[in-house]
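Visitor: Quick note, the sequences are listed as chains G and E, same order. With the working numbering, the residue at position 37 of the first sequence is 37, and numbering never jumps. The number in the working numbering is simply the position in the second sequence, starting from 1, with 181 added.
Incorrect hints may appear among the rest.
[Claimed, not checked] Calculated lysine-lysine pairs in the DSSO-like style (CA-CA distance at most 27 Å, straight line):
{"hint": "1", "chain 1": "E", "residue 1": "233", "chain 2": "E", "residue 2": "247"}
{"hint": "2", "chain 1": "E", "residue 1": "233", "chain 2": "G", "residue 2": "140"}
{"hint": "3", "chain 1": "E", "residue 1": "239", "chain 2": "G", "residue 2": "140"}
{"hint": "4", "chain 1": "E", "residue 1": "322", "chain 2": "G", "residue 2": "112"}
{"hint": "5", "chain 1": "E", "residue 1": "525", "chain 2": "G", "residue 2": "140"}
{"hint": "6", "chain 1": "E", "residue 1": "474", "chain 2": "G", "residue 2": "112"}
{"hint": "7", "chain 1": "G", "residue 1": "112", "chain 2": "E", "residue 2": "239"}
{"hint": "8", "chain 1": "E", "residue 1": "525", "chain 2": "G", "residue 2": "147"}
{"hint": "9", "chain 1": "G", "residue 1": "147", "chain 2": "E", "residue 2": "233"}
{"hint": "10", "chain 1": "G", "residue 1": "113", "chain 2": "E", "residue 2": "247"}
{"hint": "11", "chain 1": "E", "residue 1": "322", "chain 2": "E", "residue 2": "525"}
{"hint": "12", "chain 1": "E", "residue 1": "322", "chain 2": "E", "residue 2": "474"}
{"hint": "13", "chain 1": "E", "residue 1": "474", "chain 2": "G", "residue 2": "140"}
{"hint": "14", "chain 1": "E", "residue 1": "322", "chain 2": "E", "residue 2": "247"}
{"hint": "15", "chain 1": "E", "residue 1": "322", "chain 2": "G", "residue 2": "113"}
{"hint": "16", "chain 1": "E", "residue 1": "239", "chain 2": "G", "residue 2": "113"}
{"hint": "17", "chain 1": "G", "residue 1": "147", "chain 2": "E", "residue 2": "474"}
{"hint": "18", "chain 1": "G", "residue 1": "113", "chain 2": "E", "residue 2": "474"}
{"hint": "19", "chain 1": "G", "residue 1": "140", "chain 2": "E", "residue 2": "322"}
{"hint": "20", "chain 1": "G", "residue 1": "147", "chain 2": "E", "residue 2": "247"}
{"hint": "21", "chain 1": "E", "residue 1": "239", "chain 2": "G", "residue 2": "147"}
What the hints contain is simulated information worked out from the structure, not anything from laboratory work.
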Amino acid sequence: MNEALGLGRSPLPLHSFSTIPSFELSVANCYSNKYGCDWEFYKNRLDVRIPLNIKTMHGRDLKHIVRPEPTTRGTCGLIISCVATLSLCVYTALHFNVVKSLRPSFVATTFKKVGWILVGMFAPELVVYTAWSQWVSARKLTDIVAKHFDRLVRTKTIHRRVGLTPLHSIQGESVTSTNGL
Amino acid sequence: MTHSFFAQMGGFVIDSNDLGEDQYIPESPRLHLTANGVAVLAELDHLRPISKDFILDKSKADHLAKALVLIQASWLIIQCIARAIQNLPLSLLELNTVAHVGCALIMYFVWWHKPFDVRNPVLLTGEWTRPLTAAMWMFSKIEKESPEIESLVHFVPVQVDPSSAAKTSPGMSQPTPEIIMLETQLVGSSAGDDSRNISRLQSGLSTPPRIVNRLPGANIQTLEAKNNSLATLQDGRNRNPIIYMREGDILLPFGFGPKSSSIRFQERLVNGPQMDSRYPPLQEYYKPPVEIKIDRATISRWGLTCQSLQEHDAIWSHYKKDLETGEGLETRYIGYEYPLSGLKRNFVESEMPNWPGKDLIPHASEYSSAIFFFLCCLAYGGIHAAAWNFNFPTDSERFLWRLSAIYFGCSGLGVFLHWGVEFLLSFVPKRVLDTGLTGEFPTDCCCAVDFIVYMVVAGLTRCFALIIFAPVLAYAIARTYLVVEAFYSLRDLPVGVYSATDWSRYLMHF
Numbered sequence: 001m002n003e004a005l006g007l008g009r010s011p012l013p014l015h016s017f018s019t020i021p022s023f024e025l026s027v028a029n030c031y032s033n034k035y036g037c038d039w040e041f042y043k044n045r046l047d048v049r050i051p052l053n054i055k056t057m058h059g060r061d062l063k064h065i066v067r068p069e070p071t072t073r074g075t076c077g078l079i080i081s082c083v084a085t086l087s088l089c090v091y092t093a094l095h096f097n098v099v100k101s102l103r104p105s106f107v108a109t110t111f112k113k114v115g116w117i118l119v120g121m122f123a124p125e126l127v128v129y130t131a132w133s134q135w136v137s138a139r140k141l142t143d144i145v146a147k148h149f150d151r152l153v154r155t156k157t158i159h160r161r162v163g164l165t166p167l168h169s170i171q172g173e174s175v176t177s178t179n180g181l
Numbered sequence: 182m183t184h185s186f187f188a189q190m191g192g193f194v195i196d197s198n199d200l201g202e203d204q205y206i207p208e209s210p211r212l213h214l215t216a217n218g219v220a221v222l223a224e225l226d227h228l229r230p231i232s233k234d235f236i237l238d239k240s241k242a243d244h245l246a247k248a249l250v251l252i253q254a255s256w257l258i259i260q261c262i263a264r265a266i267q268n269l270p271l272s273l274l275e276l277n278t279v280a281h282v283g284c285a286l287i288m289y290f291v292w293w294h295k296p297f298d299v300r301n302p303v304l305l306t307g308e309w310t311r312p313l314t315a316a317m318w319m320f321s322k323i324e325k326e327s328p329e330i331e332s333l334v335h336f337v338p339v340q341v342d343p344s345s346a347a348k349t350s351p352g353m354s355q356p357t358p359e360i361i362m363l364e365t366q367l368v369g370s371s372a373g374d375d376s377r378n379i380s381r382l383q384s385g386l387s388t389p390p391r392i393v394n395r396l397p398g399a400n401i402q403t404l405e406a407k408n409n410s411l412a413t414l415q416d417g418r419n420r421n422p423i424i425y426m427r428e429g430d431i432l433l434p435f436g437f438g439p440k441s442s443s444i445r446f447q448e449r450l451v452n453g454p455q456m457d458s459r460y461p462p463l464q465e466y467y468k469p470p471v472e473i474k475i476d477r478a479t480i481s482r483w484g485l486t487c488q489s490l491q492e493h494d495a496i497w498s499h500y501k502k503d504l505e506t507g508e509g510l511e512t513r514y515i516g517y518e519y520p521l522s523g524l525k526r527n528f529v530e531s532e533m534p535n536w537p538g539k540d541l542i543p544h545a546s547e548y549s550s551a552i553f554f555f556l557c558c559l560a561y562g563g564i565h566a567a568a569w570n571f572n573f574p575t576d577s578e579r580f581l582w583r584l585s586a587i588y589f590g591c592s593g594l595g596v597f598l599h600w601g602v603e604f605l606l607s608f609v610p611k612r613v614l615d616t617g618l619t620g621e622f623p624t625d626c627c628c629a630v631d632f633i634v635y636m637v638v639a640g641l642t643r644c645f646a647l648i649i650f651a652p653v654l655a656y657a658i659a660r661t662y663l664v665v666e667a668f669y670s671l672r673d674l675p676v677g678v679y680s681a682t683d684w685s686r687y688l689m690h691f
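Isolated chain G (complex conformation):
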């Protein structure tokens, strides 16, 4: 675009980072070059800012390395950011129960999940209520089982127990790890 303005590259020997000030008329240039329009015609109609451009020795604009955010945003960006956030929130927040264990059908499972995602999209407070009631129930279960294990620890029967799976009996369960139960 410098050629177009008749300025050309710097005629001076490039022995330093010293630069030559040049004017960039980006929008106006574009029009005048591609469509052969009159620059004078657009000059007064377009909001063309004429920044003082500084060129490095390699001919790159410093201005293009760091560029300010646009001052406007578009409909598309708005929709995409909202929808992406929304679906990610719903999908990662949903914690499903164990599916039917013997040969779960893929279609049925997916159908169920999609159904819950829809509920999460349209009625998230119902899902929150579900989560909360599970939380309350789990805390109660924790109390019940903790009481039970306390009793076992007191009567010293817990050490004689084998684990739930062979793997665990080998590992030798420590009582402390069950306190969280």
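Please build the complex by placing chain E on the supplied structure of chain G, with the hints as guidance.
Guide: Only chain E this time, still in chain G's reference frame:
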């Protein structure tokens, strides 16, 4: 907490399909233990320690992914706050997203310890599983049917202690009819010949199963026929036999028999013959002709359950209610029933539901969960009501939005309506209520208030469907409207929405 969640989400299963044993549950499914079931196991000392790593290994939760979502979500919230500060308008879509993000944050917090997407549950095995699973299955509501135990009466033989019998019997207000059980002698009983099957069926009980009838006027021929087919059932001569048990029949030695007042038979009461004259009413129970099918699996299940009921009386007796006493030939029986009002917990499920139901340990008070639900609705409605003065494309859209937001906020109140109705109904005499519900005008109704109440109850019963469905339908419509409007309003947004947040305002100037 992780352990509890893992147990509660169905992480423990019992396989009811034991090799080399009799089938005792229809179709022998894998049964998931619910939170209630695990609590029972803990009380009965059948739980083993299991490491947290083992559970977390099954969990596919990705904390990095969660963190990324959180960053994205919080960025959106920060943006919205900044826009609010700079007096830039928000779009409805953003507002809706903020509400969702808020919900997601609560879900993250509450479900933090819950393992994510567990596919392979832990199989519990042991000697104890069969009786206990049979009992838990019978006490659980499976696939929309009421718990099986609810449809049965259970007669337990008691050792008559002369001193205690003398003490209790005069104290009874109403002399309960002493029932002599009609018994038939088993002809060709195969107790000695094919002892392998039978001993397994009986689970340690000494006598072979037989059916007796406790009602007067029962037919001894049918009873004999039943007992004969029962004998063929046991020694395996009959492949897939089904025996029908009718009102008054009791399968000894387990003592189970059909209970006519069970809700399982109530529909038949409405549609079928109203009353069977052959069976005189006993106590206050209204007796439609009932009939239950029993097959091999039923007998072995009842046997195992009976065993569990004896062994773990401390657990199951919570649900028990005394019914009547009966006198056998040489033993005395006490009949128990397990009323539906007590059976509010599921111990096993063939498939874990995601929706909160009977599988969870119920909260101490029902009110707190209702209040929480109300607060949820209020908060969600409140966030949407923040768009009260937003620019909408048309005025009617704005009006509908406001209406929906208010409706949401108040929809939580619907839960309280339930108690309100119950409270009001407690003032209504039961006689008037019953007649109002069935639609027969009470002929002996003399009081004007009674008449008004009757009219109200009858009227409400007529438009019951409308009362229930209208708010639900409105709720669904309001819901859909909010989401659709959030997108639809994008067609005509105020200009300010498109000007980006000016972050440089918050940066240091230099």
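Visitor: Hint by hint, say whether it matches the structure.
Guide: How the hints compare with the structure:
no.	hint	result
1	E:233 x E:247	holds (20 Å)
2	E:233 x G:140	holds (18 Å)
3	E:239 x G:140	holds (23 Å)
4	E:322 x G:112	holds (21 Å)
5	E:525 x G:140	holds (16 Å)
6	E:474 x G:112	violated (34 Å)
7	G:112 x E:239	holds (21 Å)
8	E:525 x G:147	holds (23 Å)
9	G:147 x E:233	holds (18 Å)
10	G:113 x E:247	holds (18 Å)
11	E:322 x E:525	holds (9 Å)
12	E:322 x E:474	holds (18 Å)
13	E:474 x G:140	violated (39 Å)
14	E:322 x E:247	violated (36 Å)
15	E:322 x G:113	holds (24 Å)
16	E:239 x G:113	holds (19 Å)
17	G:147 x E:474	violated (42 Å)
18	G:113 x E:474	violated (37 Å)
19	G:140 x E:322	holds (21 Å)
20	G:147 x E:247	violated (33 Å)
21	E:239 x G:147	holds (26 Å)
Checked against the numbered hints given earlier, this structure breaks hints 6, 13, 14, 17, 18, 20; the rest are met.
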